[in-house]
Amino acid sequence: MGLFILKRFGVMILTALCLTFVVFFLTNLFPNLEKLAKTQGNARMTDAEVVSWLDNNGYGGPMITRYGQWLGVVPGWTRTDEETGEVTGRCIDFGMDPADAPRFCGMLQGDLGYSTVSDDEVSNIVGGRLLLTGKLMGWVLIVMIPSALIVGVLAGMREGSRLDRTLSTASIATTATPEYVSGVIFIVLLASSTAGISPWLAEQGWIDGRTLFLGSSRSAMDDITFWNFTLPVMTLALYGMGYIARMTRASMAEVMTAQYIRTARLKGVSFTKIVLKHALRNALIAPFTVIMLQIPWLLTGVVIVETLFNYNGFGWTLVQAASNNDIELLMSVSIVAVIVVLTTQLISDIGYVYLNPRIRIS
Amino acid sequence: MDPITWTGSLGPFLNPLILAAIVVFVLGFLAQLVLNFAGVKPGEVQINPDHTLTMTRSANDYALMAMKYAVMLFLACVVIMIIGGIVQSDLAAKGIIGGMGQQFLPVWIALIVIFALSINFKRKLGLYGKLFDSPIGMVGFFLVMFWMLTAVFANMIGTHGPIDVISQMRNEVPGTFLPNPDEGDYLVYLLGGDNLGRDVFSRMVFGAREVLKIAPAATLFAFMVGITLGLPAGYFGGKFDTALTFIANLVLAFPVILLFYLLVTPEIVASGIPTYMAAVLFLFPIIFFVILFNSRYFTQPMTRNIYIAITLVIGGWLYLGLAWDLDPLGVISMPGNILIVFVSVVFVNSPTVFRIVRGIVLDIKTRDYVAAGQTRGEGPWYIMLWEILPNARGPLIVDFCLRIGYTTILLGTLGFFGLGVSPESPDWGSTINEGRRLLTIYPHPALPPALALMTMVLGLNLLADGLREESLKD
Numbered sequence: 001m002g003l004f005i006l007k008r009f010g011v012m013i014l015t016a017l018c019l020t021f022v023v024f025f026l027t028n029l030f031p032n033l034e035k036l037a038k039t040q041g042n043a044r045m046t047d048a049e050v051v052s053w054l055d056n057n058g059y060g061g062p063m064i065t066r067y068g069q070w071l072g073v074v075p076g077w078t079r080t081d082e083e084t085g086e087v088t089g090r091c092i093d094f095g096m097d098p099a100d101a102p103r104f105c106g107m108l109q110g111d112l113g114y115s116t117v118s119d120d121e122v123s124n125i126v127g128g129r130l131l132l133t134g135k136l137m138g139w140v141l142i143v144m145i146p147s148a149l150i151v152g153v154l155a156g157m158r159e160g161s162r163l164d165r166t167l168s169t170a171s172i173a174t175t176a177t178p179e180y181v182s183g184v185i186f187i188v189l190l191a192s193s194t195a196g197i198s199p200w201l202a203e204q205g206w207i208d209g210r211t212l213f214l215g216s217s218r219s220a221m222d223d224i225t226f227w228n229f230t231l232p233v234m235t236l237a238l239y240g241m242g243y244i245a246r247m248t249r250a251s252m253a254e255v256m257t258a259q260y261i262r263t264a265r266l267k268g269v270s271f272t273k274i275v276l277k278h279a280l281r282n283a284l285i286a287p288f289t290v291i292m293l294q295i296p297w298l299l300t301g302v303v304i305v306e307t308l309f310n311y312n313g314f315g316w317t318l319v320q321a322a323s324n325n326d327i328e329l330l331m332s333v334s335i336v337a338v339i340v341v342l343t344t345q346l347i348s349d350i351g352y353v354y355l356n357p358r359i360r361i362s
Numbered sequence: 363m364d365p366i367t368w369t370g371s372l373g374p375f376l377n378p379l380i381l382a383a384i385v386v387f388v389l390g391f392l393a394q395l396v397l398n399f400a401g402v403k404p405g406e407v408q409i410n411p412d413h414t415l416t417m418t419r420s421a422n423d424y425a426l427m428a429m430k431y432a433v434m435l436f437l438a439c440v441v442i443m444i445i446g447g448i449v450q451s452d453l454a455a456k457g458i459i460g461g462m463g464q465q466f467l468p469v470w471i472a473l474i475v476i477f478a479l480s481i482n483f484k485r486k487l488g489l490y491g492k493l494f495d496s497p498i499g500m501v502g503f504f505l506v507m508f509w510m511l512t513a514v515f516a517n518m519i520g521t522h523g524p525i526d527v528i529s530q531m532r533n534e535v536p537g538t539f540l541p542n543p544d545e546g547d548y549l550v551y552l553l554g555g556d557n558l559g560r561d562v563f564s565r566m567v568f569g570a571r572e573v574l575k576i577a578p579a580a581t582l583f584a585f586m587v588g589i590t591l592g593l594p595a596g597y598f599g600g601k602f603d604t605a606l607t608f609i610a611n612l613v614l615a616f617p618v619i620l621l622f623y624l625l626v627t628p629e630i631v632a633s634g635i636p637t638y639m640a641a642v643l644f645l646f647p648i649i650f651f652v653i654l655f656n657s658r659y660f661t662q663p664m665t666r667n668i669y670i671a672i673t674l675v676i677g678g679w680l681y682l683g684l685a686w687d688l689d690p691l692g693v694i695s696m697p698g699n700i701l702i703v704f705v706s707v708v709f710v711n712s713p714t715v716f717r718i719v720r721g722i723v724l725d726i727k728t729r730d731y732v733a734a735g736q737t738r739g740e741g742p743w744y745i746m747l748w749e750i751l752p753n754a755r756g757p758l759i760v761d762f763c764l765r766i767g768y769t770t771i772l773l774g775t776l777g778f779f780g781l782g783v784s785p786e787s788p789d790w791g792s793t794i795n796e797g798r799r800l801l802t803i804y805p806h807p808a809l810p811p812a813l814a815l816m817t818m819v820l821g822l823n824l825l826a827d828g829l830r831e832e833s834l835k836d
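Chains B and C, in that order, are what the protein sequence lines are.
Mapping the first sequence onto the working numbering, position 258 (from 1) lands on 258, and the numbers just tick up by one.
Mapping the second sequence onto the working numbering, position 147 (from 1) lands on 509, and the numbers just tick up by one.
Note that these hints are calculated values from the structure, not bench results.
Here the structure is a predicted model, which means the values were calculated and not measured.
Among the hints, erroneous ones may be present.
Among the chain C residues that face chain B by a calculated CB cut under 8 Å, a handful are [as the list claims (entries may be wrong)]:
| id | residue |
| --- | --- |
| 1 | 399 |
| 2 | 401 |
| 3 | 612 |
| 4 | 618 |
| 5 | 623 |
| 6 | 803 |
| 7 | 809 |
Covered by chain B, per the in silico footprint, the following chain C stretches (three or more residues, Cβ under 8 Å) [claimed, not checked]:
| id | segment |
| --- | --- |
| 8 | 572 to 580 |
| 9 | 813 to 819 |
Where a beta carbon is used, it is the ideal one built from N, C-alpha and C, also for glycine.
Based on the sequences and whatever the hints tell you, model everything.
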C-alpha cells in the first residue's frame with residue numbers, strides 16, 4: 001500500500017509539473033507578453049521597446065529558465081540599471097536592499113509572485129478567494145451528495161419500476177441542463193420581480209421582499225443567508241447531482257441482483273432492512289469514486305456560477321486573471337486547480353482500494 | 363397595437379383545458395407518490411379458474427391513468443394550437459405559439475415523414491429501427507431531429523435575420539408588432555426583442571445552425587483521434603500504451619475551463635498554435651482511413667491503391683484547407699476563431715474517447731474470435747479495425763450521442779464566456795450571456811436559447827439512453 005501511494009504520488013508530481021509548464025508556456029507566449037508590456041508600459045510601444053521592456057522586467061531569456069525561476073529551482077533574475085546603478089530583480093521587493101534578497105523565490109519557497117492587474121501579492125488574493133469558494137463548494141456538497149445518493153438508491157433498489165424510470169429520467173434531465181441554463185431558469189422563476197412566482201408570492205404577502213431569492217450573491221461574500229445563497233448552491237448541485245445519482249443507481253441495481261441479497265430475501269428479511277443493512281454499504285463504494293472525481297468537474301461549474309451570480313470567489317478570479325493575462329495570478333490559480341484535480345484523483349484511488357475488500361495491492 | 367397573446371383566438375377555449383391538464387397531472391403525481399409511500403400496491407392481473415384474466419385496479423392505477431390522460435390532453439391542446447396557427451391567417455388569431463408552429467412547418471412535415479417511414483420499416487432498420495420500440499428513445503430522437511431540421515431549414519423558419527436590428531424593438535415583450543414594417547416583413551417579433559432590438563426567435567433558430575455546424579463534426583473528429591490511438595494502445599499495450607495513457611490523463615487533469623481560457627484567445631490565434639494543433643489532430647482521420655483500407659484490401663493491391671489514392675486526395679485537400687488554410691482551389695477554409703474553438707473541443711474530448719476505446723479493446727481482445735483471427739494469420743491492424751471495432755460499436759454509438767450533447771454544453775460554455783465566437787454570433791451560449799445582464803427585468807431574451815440548449819442536450823441524452831437500452835436487449 002505504501003509503495004502504491006508513493007508511486008501515485010510520483011506520477012501526481014510529474015503531472016503537476018507538466019501541467020504547470022503548459023500553463024506557463026501558454027501564458028508566456030510572445031503575443032501575450034506583448035499585450036502585457038503594452039498594458040503595463042505604454043500602449044504605443046514599438047516592437048523594439050516591447051522587447052527591451054520585457055528584458056528589463058525579467059520576461060527575456062529562454063522559457064525554461066523563467067519557468068525554473070517561477071518554480072524556485074533557478075535563482076531569480078537580477079538586473080543592474082547601467083545609468084543609475086539600481087539593482088532590480090525578481091526576488092527584490094520594492095524598497096528592499098538587494099543584498100538581503102533571497103536567491104531563490106518561486107513557488108517552492110512559497111512566493112507566488114505579484115499580480116500585475118490587482119497590484120497586490122498573489123498569495124493575499126488567492127487565499128481569501130479560495131475561502132469564499134470553499135464555502136460555496138461546502139454547501140454544494142452538503143446538498144448534492146445526500147440528495148444524489150437518496151435518489152440513486154431509491155431508483156436502483158427496484159430496477160425497472162416506475163419510480164426508477166421517473167427518477168432516472170429526472171437525473172438525465174439534470175445532467176442535460178448545464179449551470180448557465182439552470183441558473184438562468186432559476187433566476188427567472190424564483191428571483192425576478194417581473195416574472196416567475198415571486199410577483200405572485202409578494203402579492204399574496206407570503207414573502208417580505210420583492211423576490212423569493214436574490215439573483216445576485218454579492219452580499220453572500222460577507223454574510224451567507226438562505227435568501228442570497230440558495231440559487232447558486234442549487235444551480236451547482238443540480239448539474240452534478242444527476243451523474244452521481246445515475247452511478248449510484250447502477251451500482252445499487254447491480255448489488256440488488258447479487259446472490260446474498262436473494263438469500264436474505266428468501267430468509268424473509270424485510271425489504272427495507274435488505275436495502276438499508278445489506279445492500280447500501282456495498283452499493284456506496286462506486287459512488288464514492290464518482291463523487292471524488294466530480295469535484296474537479298464542479299470547478300468549471302464554479303466558474304460559471306460565480307460569474308452568473310457575481311460571487312467573487314476563485315472561479316471569478318480565474319476569469320479575471322485569464323481575461324487580463326495576469327500571468328502570476330493565473331499560474332497560482334491553475335496550480336490550485338491542478339492540485340485539487342490530482343488530490344481528488346489520488347483520494348478516490350486510495351479510497352477505492354480501502355473500501356473495496358476485493359482489491360488488494362501488495 | 364397591443365402585443366399578440368400566446369394562444370391567440372383558440373386561447374379562451376384551450377387555456378382552461380391546458381390548465382386543467384396541468385392541475386390533474388400534478389394532483390395525480392402527488393396522489394400516486396403518497397399512495398406509494400402509504401403502501402398501496404398497483405393492481406395485479408389474476409388468472410381465473412376458467413382461464414380468463416381479471417385485472418384489479420387500485421387507487422394507484424387510477425392516479426396513473428389520470429396522469430396519462432392529462433399528458434394526452436396537454437399534447438392534444440398543443441397540437442390543436444399549432445394546427446390552428448397553420449390554418450388561420452391573421453397573426454393575432456394565431457397567437458405566439460401558433461405563429462411559431464406555422465414557422466416550424468417544414469420541420470413538422472419532415473418529422474412526420476421521418477417518423478412514419480421509420481416506424482413502418484422499423485424491423486428492417488437494425489439498431490435504428492429498434493429505437494422506435496422505446497418511448498424514451500423516441501422522445502430523444504424527436505428532440506434531436508427537431509433541432510437538426512431547424513438548423514437545416516433555418517432560412518425558412520427564421521422570421522428576421524439573426525443580426526437585423528430594429529432599435530425601437532429593444533427589450534420588447536414577445537408578440538410585439540414592428541413599429542413600421544416594410545413590405546414582406548414578418549409583422550411581429552414572436553419571442554420579443556433583445557437588448558439591441560434583434561428578434562429573439564430568429565436568433566434562437568439560427569443559433570441551432572451555429573451549434574450543429576460544430577458539435578457533431580468536432581465529436582466525430584474526437585472519435586477519429588480517440589479510436590486511432592486507443593485501438594493500438596489497448597491491443598499492443600506496453601510502453602506505447604503507458605505513454606499515451608499518461609498524456610491522456612494529463613489532458614483530463616487539466617481544468618477544462620482554464621484550458622479554454624488559455625487556448626481560445628486572439629493572442630493564441632495570433633501565435634499560430636491552433637494551426638499546429640489542427641495540423642496534428644486533423645491528420646488522424648486520414649491516418650484512420652488509410653489504415654482502414656490498407657488492412658482490408660491488403661491482398662488486392664489494385665483496389666487498395668485506388669481506395670488509398672481517393673482517401674489521400676480528398677483527405678489531403680480537406681486537410682490543407684481546414685488546418686493550413688492553403689486549399690489550392692480556395693473552396694475550403696475555416697476562420698481562425700472557429701478553428702480554435704473546433705480544435706479545443708476536439709482536444710478536450712479525444713482523451714476520454716481514447717480511454718473508452720482502450721478499455722473496450724482490452725476487454726474484446728481476449729475473445730475467441732480475436733484469437734481465431736490471429737491463428738488465421740490476420741494482421742494486427744486488420745484485427746483491430748475489422749474484428750474488434752465493429753464489435754465495439756454499441757457502446758461507442760451510445761457514447762457518441764452523449765458526447766455530442768456534452769460538446770454542445772462546452773460550446774455553450776465558450777459562448778457564455780464570449781470566447782472564440784464573434785460578438786454578434788447567434789449561438790445559444792452567447793445569446794444566454796447577453797440576455798443574463800438584464801435577466802431579472804427582461805427574462806425573455808435569455809430563456810429561449812437556454813430552453814433550446816436544454817431540450818437539445820436532453821434529446822441527445824434520452825436518445826443515448828434509448829439506444830443503450832435497446833442494444834442491451836439482444
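Structure versus earlier hints, numbers of those that do not hold, lowest first: 1, 2, 8
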